[in-house]
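Chemist: In the order they appear, the protein sequences are chains A and B. Residue 18 is where the first sequence starts when you use this note's numbering, and the numbers rise one by one after that. Residue 129 is where the second sequence starts when you use this note's numbering, and the numbers rise one by one after that.
Because the hints were derived from the structure by calculation, they are not lab data. Treat the hints loosely; a few may be bogus.
[Unchecked claim] Here are the simulated lysine-lysine pairs, BS3-like style, with alpha carbons at most 27 Å apart: (1) A:Lys105 x B:Lys474; (2) A:Lys113 x A:Lys52; (3) B:Lys135 x A:Lys95; (4) A:Lys52 x A:Lys86; (5) A:Lys95 x B:Lys262; (6) A:Lys86 x B:Lys130; (7) B:Lys135 x A:Lys86.
[Said to hold, decoys possible] What the simulated footprint calls covered on chain A by chain B, stretch by stretch (three residues with Cβ under 8 Å from a Cβ of chain B suffice, anywhere in the stretch; the number is not a length): (8) 27 to 41; (9) 78 to 89.
[Stated by the list, open to error] Which chain B residues stay away from chain A? Per the calculated CB distances, all over 12 Å, these: (10) Val233; (11) Val234; (12) Thr283; (13) Leu308; (14) Arg385; (15) Pro416; (16) Gly433; (17) Glu478.
The beta-carbon is built from N, C-alpha and C at its ideal position, and this holds for glycine as well.
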Amino acid sequence: MKFVAVTACPTGIAHTYMAAEQLEKTAQKLGHTIKVETQGAMGIENELSQADIDAAEAAILATDIAIEKPERFDRIRKVQVPVQAALKDPVAIFQKTLAA
Amino acid sequence: MKEQLQKHKQYLLTGVSHVIPVIACGGILIALAVTYAFQFKLLNPHGGPDFTNAPWLIKNMALIGEKAFQLFPAVLAGFIAFAMAGKPGLVPGFVGGFIAAIPQVVGEKNASAGFLGAILIGFVAGHLVNGLKKLPVPKILRPVMPIIIIPICSTLPVGLLMLALNMPIAQVMVALGHFLENLQSGSQALLAMLLGAMIAFDMGGPVNKAAFFFGAAMIEQGNYAIMGACAAAICTPPLGLGLATLISRQLWTDEQRESGYAALGMGMIGITEGAIPFAAGDPFRVIPSIMIGSMVAATIAMLGGVGGHAPHGGPIVLPVVDNRIIYIVAIVAGATVTAVLINTLKKLTEKPAVAPAAI
Numbered sequence: 018m019k020f021v022a023v024t025a026c027p028t029g030i031a032h033t034y035m036a037a038e039q040l041e042k043t044a045q046k047l048g049h050t051i052k053v054e055t056q057g058a059m060g061i062e063n064e065l066s067q068a069d070i071d072a073a074e075a076a077i078l079a080t081d082i083a084i085e086k087p088e089r090f091d092r093i094r095k096v097q098v099p100v101q102a103a104l105k106d107p108v109a110i111f112q113k114t115l116a117a
Numbered sequence: 129m130k131e132q133l134q135k136h137k138q139y140l141l142t143g144v145s146h147v148i149p150v151i152a153c154g155g156i157l158i159a160l161a162v163t164y165a166f167q168f169k170l171l172n173p174h175g176g177p178d179f180t181n182a183p184w185l186i187k188n189m190a191l192i193g194e195k196a197f198q199l200f201p202a203v204l205a206g207f208i209a210f211a212m213a214g215k216p217g218l219v220p221g222f223v224g225g226f227i228a229a230i231p232q233v234v235g236e237k238n239a240s241a242g243f244l245g246a247i248l249i250g251f252v253a254g255h256l257v258n259g260l261k262k263l264p265v266p267k268i269l270r271p272v273m274p275i276i277i278i279p280i281c282s283t284l285p286v287g288l289l290m291l292a293l294n295m296p297i298a299q300v301m302v303a304l305g306h307f308l309e310n311l312q313s314g315s316q317a318l319l320a321m322l323l324g325a326m327i328a329f330d331m332g333g334p335v336n337k338a339a340f341f342f343g344a345a346m347i348e349q350g351n352y353a354i355m356g357a358c359a360a361a362i363c364t365p366p367l368g369l370g371l372a373t374l375i376s377r378q379l380w381t382d383e384q385r386e387s388g389y390a391a392l393g394m395g396m397i398g399i400t401e402g403a404i405p406f407a408a409g410d411p412f413r414v415i416p417s418i419m420i421g422s423m424v425a426a427t428i429a430m431l432g433g434v435g436g437h438a439p440h441g442g443p444i445v446l447p448v449v450d451n452r453i454i455y456i457v458a459i460v461a462g463a464t465v466t467a468v469l470i471n472t473l474k475k476l477t478e479k480p481a482v483a484p485a486a487i
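Just chain A, same shape as in the assembly:
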């Protein structure tokens, strides 16, 4: 399955990127494809276009703060989790998203 995701933590220097890496790794392990946008202290990186989002089945928002450009995700099924969850148990996030 195709996923998109956004990660964002308050400081935006470590958790954001660690969570993105975990989501990418886990998606690969589970046989999914995923594009992860990071909203760290540098702002938006690896930005998801509307086309990326429309092409995906679901969006994972692993964020502790309000994200930028949230309106892009208005039309897609989404699951909101804390950043910590992506570090501790990324597999569970995918299960939750598939079940949602």
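With chain A's structure known, arrange chain B on it following the hints.
Modeler: Using the frame of chain A, we list chain B on its own:
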């Protein structure tokens, strides 16, 4: 109720994430200018720094840092309101926060409502704007809502409220400052232990950020001790765990030893999150070890008068720390305690059959 609380935490953290670079900029520029002033004995009669005869660059560094600090409550409140209400939240949030920065004379002291006022007014502004957005408006008036009605109808009451609250909140801030300054060393140690435990507990998560932000916000109030204690505590979890993998290599897997180097690197630049790969796999031994290590580091730093001028931790901020020797001692002690604790716990609770196999 719980969901509401969760959301408000998210709003607050959005504000915090935008304000951290502002505090870093202000704190570091001022600290460097002040260091220069002390180095070259540019002092006023009260023993504080006096920049009137300082070189052009130093004088302006102090001025620019000060301006960044004045912006701090505005940015904090502005982005709290922004997280809640989007673009229309910015104006009342910024203006309300800017008013919270107006200096008040409390007794003999100058204080402002500062971060407490900013957080409060940011929430008020966000809620008010969200309320205004819901008002039923005839179609012809709709275009003027976001550019005239909402900015004025939110900013005027928010501004008036903040003006009224400035004095009482500034008094609270002064009382808090007094309280922190007059802590006996016993209570100082207690406060430091609490801060250290919070910093290490979730390694960069919300509990860590609460302690960290308290320290960062107190920099603006001219109290550097809280941040000093936090700065030392921030780096010892990854440093201690990295150190542990170096001390007893046979206790750790190849992958963990690899993470150990990464953790040491992250510790040096003050990123507590470097400890997460260890804690994720083994929370019951790792988290107590890093909490105790950070408590030790924070306590030594606090009692040794370490001051942190930048909202960041680890050896990387050494240039803008007061009492550098004690700061290093605190970090080394905290990291060593963590390393010894985790290795001892591992030795005691792990079957010895696993360990010698690696030799």
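Chemist: Find the hints from earlier in the document that the structure breaks and name them by number, from lowest to highest.
Modeler: none
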